[in-house]
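These protein sequence lines map, in sequence, to chains A and B.
Residue numbers in the first sequence follow the numbering used here, run continuously in steps of one, and reach 617 at the last position.
Residue numbers in the second sequence follow the numbering used here, run continuously in steps of one, and reach 332 at the last position.
Treat the hints with caution; some may be incorrect.
Here are the simulated DSS-like cross-link-like pairs (lysine-lysine), alpha carbons at most 27 Å apart as the crow flies [claimed, not checked]:
| no. | chain 1 | residue 1 | chain 2 | residue 2 |
| --- | --- | --- | --- | --- |
| 1 | A | K200 | B | K229 |
| 2 | B | K229 | B | K268 |
| 3 | B | K43 | A | K439 |
| 4 | B | K43 | A | K264 |
| 5 | A | K165 | A | K11 |
| 6 | A | K436 | B | K43 |
| 7 | B | K43 | A | K259 |
| 8 | A | K126 | A | K264 |
| 9 | A | K201 | A | K259 |
| 10 | B | K268 | A | K430 |
In short, the hints are calculated from the structure, not lab data.
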Amino acid sequence: MGIPPPDSSTKPSRVLDTVTIRFCGDSGDGMQLSGGEFSRASAFAGNDLRTFPDFPAEIRAPAGTLAGVSGFQIQFSSQPVYTPGDRPDVLVAMNPAALRSNLADLRPGGTLIVNTGAFVAGNLAKAGYLANPIEDGSLDAFVVHGVDISKLTEAALHGSGLSTKEIARSKNMFALGLMLWLYQRPTEPILRHLQQRFAKKPEILAANEKVLLAGHAFGETAELFAGTYVVPPARIAPGRYRNVSGNQALAMGLIAAAKLSGLKGFLGSYPITPASDILHELSRHKNFGFTTFQAEDEIAAVSSAIGAAFGGNLGITTSSGPGIALKQEAINLAVMAELPLLVIDVQRGGPSTGLPTKTEQADLLQVLFGRNGESPLPVIAPATPSECFNAALEAVRIAVRYMTPVILLSDGSLANGQEPWKIPEIADLKPIDAPKRTKAEGFLPYERDNTTLARSWVAPGTPGLEHRIGGLEKDFLTGSVSYDPENHEKMVRVRAEKVRRVAQDYAPLEVEGPPDGRLLVVGWGSTYGAIRAAAAQLRSRGLPVSHVHLRNLNPLPMDLGGILQRFEKVVVPELNLGQLSIILRARYLVDAVGINAVKGKPLQVGDLAARIEEALS
Amino acid sequence: MSQLTRKDFQTNQEIRWCPGCGDYAILASMQKVLPELGIAREKVVFISGIGCSSRFPYYMNTYGFHTIHGRAPAIATGLKLTRPDLQVWVVTGDGDALSIGGNHLIHVLRRNVDVKILLFNNRIYGLTKGQYSPTSEAGKKAKSTPYGSIDAPFDPIRLALGAGASFVARSIDVEAAHLQGVLHRMASHRGAALVEIFQNCNVFNDGAFVTLTEKASKARSQLHLEHGKPLVFEDGKKGIRLNGLEPEIVPVGDGGVPESELLVWDEKAQPALAFLLAGMGPAFPTPIGIFRAEERAVHHELDEALQRRVTETLGDGDLEKLLGTGDTWTVP
Ligand SMILES: Cc1ncc(C[n+]2csc(CCOP(=O)(O)OP(=O)(O)O)c2C)c(N)n1
Ligand code: SF4
């Protein structure tokens, strides 16, 4: 490929530490592809990074409308990166609607690259512009580069034999090529990926390559940009890396869990955004002996997983909030029958259908308390996309060790967001012990292990251990149906105690920042990056801010109470109206103060830092 | 394996059905048939939903799971997909299977999951004490419909046929020999097999099937479907003939039509024929027996074949390779 290596550039370059770029355009413009490929190239350049794809719920809103705008943001850096970045430094806007709905986020003085070719009367009107913003001075606060990407793409593909539509669809490659040049990213990983992706469509491949190179060359030759930027590689622990999204990490974690436990993996699932990709990913890997079953609805999905678990297998179900609501009765059956089951809830904006493609952390109380009766179960929440892998292993470990359903709370931003992941060595993964009882003598179906209070798991097919279980209250030992009042209270308490004992296996909590003092920020789930970055920022200014992040939401870690007591003030940032705050207040009688946002978007570091600082005063 | 007996399948649990309930007879038939199947007790699993009938697993000394209302077919599907070595029976009622669980029922049939479904139809909700059910006749007066229900009933046979069931039958709680014959056939059927069992709820819907079970009326109201045999009833005095798409009752023998004109039952024929018979209406006798028995691809076998095919193409799953899929880079 005829791309000049970056250092042969005739233009000067400046070194930057951290950059945030957002690609935005119509949902048919291929912005997710541009963003994804740019991330790939940045990973290869050795940067740390986090991404945030943001797309509309409508599959194809009318072209050029505000409803159809799709965006992809990436923060990449020579330092560790914890979030996809608050406000982009650079906004690439492919049409007026994209500009209109994203401009408010661009930082003042930021760089704006607009596809002038799309700023025509019809598109301007659809986006609600009375005048062309490129010409009316309304963008004066930014460094604006108008590039007729549409026309340049057409020119690059002149005579290619492609249809007008296909040519128009290649615009994203031009924008990508231009950005690759601007930030001196390597083109090889992208070209390699395009070759795989379009292996069966040589004309499209050729077109994409050509336009990508045209965009790159345009940067080099046009007089628009004074020079390029260099973001040097980050210092990262040695090892082999890849980019991974939360959903990919979960899927791999589930396959690994099946392997490490020697259990047959079974996923029963019903499609729902943003959880579907886990089903998609697992469905591709039937050669792992992992069974995937697309059920007729969520209730059948979880029920089939319970059937698999009853059969002695690793039963898993994946969904999002609305689906979890439907599954609750069946999850309760697994609580009563004391069967291992993994339920993954990839949270999204609610209530009801809510914001299907946007993120929220508002299912915590649903999974803790949304079932009838006293129905405790372990809940765990990964904090970053790559952590989803280990969270899946831990959830399965708990489920089979304690014979209980476990809920794993991911969310939309973890599901789709990417970050580099150090690929674990298989040899370092601990086996998961999933013993089954086969000895018939002295068998009582609800007799319990002394340490874990788990009953034993007996797979049907085992001679001499035939027994019946079900949703009716059980006798403490025999498991026969029992309506005895004393027995019921005993069983309610023993089920609660069993779940409480899960905490005996946790690693100690880590407090970042001072171990005691003025203010502790308690977080859970995907807000980790923003909280960590905000707390570090405040500490760097000499403010006494500590951070503890909860991966285990039920039972809560045994050392949490002590930690909370060592601080004068406790604040709890959450993408809900204060669900963890409620729990902390009730459990520990602390005046946990919520910092709450429910906009369907991740927390922003700047905002969060300001609000924590406010809480300090 | 030592020869099992009926006793081996009984449990020590106190049976909590009302005295006189038809469920007892069905339980007895099942316990009679299981030892005759030559299958190890530990390989048999009963999965039920919720309702009087769904207490069934507690009384069977096999593996059993009394689950939640309507979902037994879905639970059985997950079990069968992961444990094809087990023989899985589903026990359900008309409310359980056709109201709350209607969706799962049609899908387990369409997929041809290898489970044997016993649908106890008493045309009423028993456990919740007497509300009308999806099979109650229009105008049914029950606790929740004191002025008569305004809903049209489902016919479970037609529903099952419409869902693509590969085996559909009907029997009666007290017709032990007939029921046991059907259970045998179900046990050897490969794929989803459903039997609707008319079951008397003597507390809330007593006598719902009385014309079928009373000695006096039985002969003229039961029409036995037997593969390869002409459709006759009333001790062979009457038969069913097809006039275009209309079934009609005709006299047989002396002065009647010759047997050769009668409809000869074929359980492998087009499901449309079974559908037609199931819907003959109140002026006709009620068909009992096997409406349909068809060999078709079985769900878990398709899944196994698919897993094999994918493995042949992609090779055995390699975790190390999976984790390192796509672009990777090494940080020194
Ligand atoms: C989710 C749920 N809804 C309602 C009920 C109450 N309920 C229990 S059994 C039943 C109807 C049972 O009728 P049927 O299936 O005909 O069984 P039968 O008792 O007549 O054998 C109902 C509504 C329940 N247990 N669970
Ligand atoms: S209520 Fe009816 S169906 Fe239920 S046990 Fe009594 S008689 Fe049987």
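Margin query: Can you confirm whether the C-alpha distance between K200 (chain A) and K229 (chain B) stays at or below 27 Å?
Written below: 58 Å, violated
Margin query: Need the status of pair K43 (chain B), K259 (chain A): alpha-carbon distance at most 27 Å?
Written below: 26 Å, holds
Next item on the list: Quickly compare the C-alpha distance for K229 (chain B) and K268 (chain B) to 27 Å and report which way the hint goes.
Entry: Holds: K229 (chain B) and K268 (chain B) sit about 13 Å apart, inside 27 Å.
Next item on the list: Compare the distance between the alpha carbons of K43 (chain B) and K439 (chain A) with 27 Å, and conclude whether the hinted pair is satisfied.
Entry: 16 Å, holds
Notebook entry, point to check: When you check the alpha-carbon spacing of K268 (chain B) and K430 (chain A), does it fall within 27 Å?
Noted result: 54 Å, violated
Next item on the list: Quickly compare the C-alpha distance for K43 (chain B) and K264 (chain A) to 27 Å and report which way the hint goes.
Entry: 18 Å, holds
Check: Are the Cα positions of K436 (chain A) and K43 (chain B) separated by 27 Å at most?
Finding: Between K436 (chain A) and K43 (chain B) the Cα gap is close to 16 Å, so the pair holds against 27 Å.
Check: Do the alpha carbons of K126 (chain A) and K264 (chain A) lie within 27 Å of each other, as the hint requires?
Finding: 53 Å, violated
Note to self: Would the hint linking K165 (chain A) and K11 (chain A) be met if the CA-CA limit is 27 Å?
What the structure shows: Violated, at about 35 Å.
Checklist line | Given pair status - K259 (chain A), K201 (chain A), alpha carbons within 27 Å | finding: The hint is violated at about 37 Å.
Violated hints, in rising order: 1, 5, 8, 9 and 10; the structure is consistent with all others.
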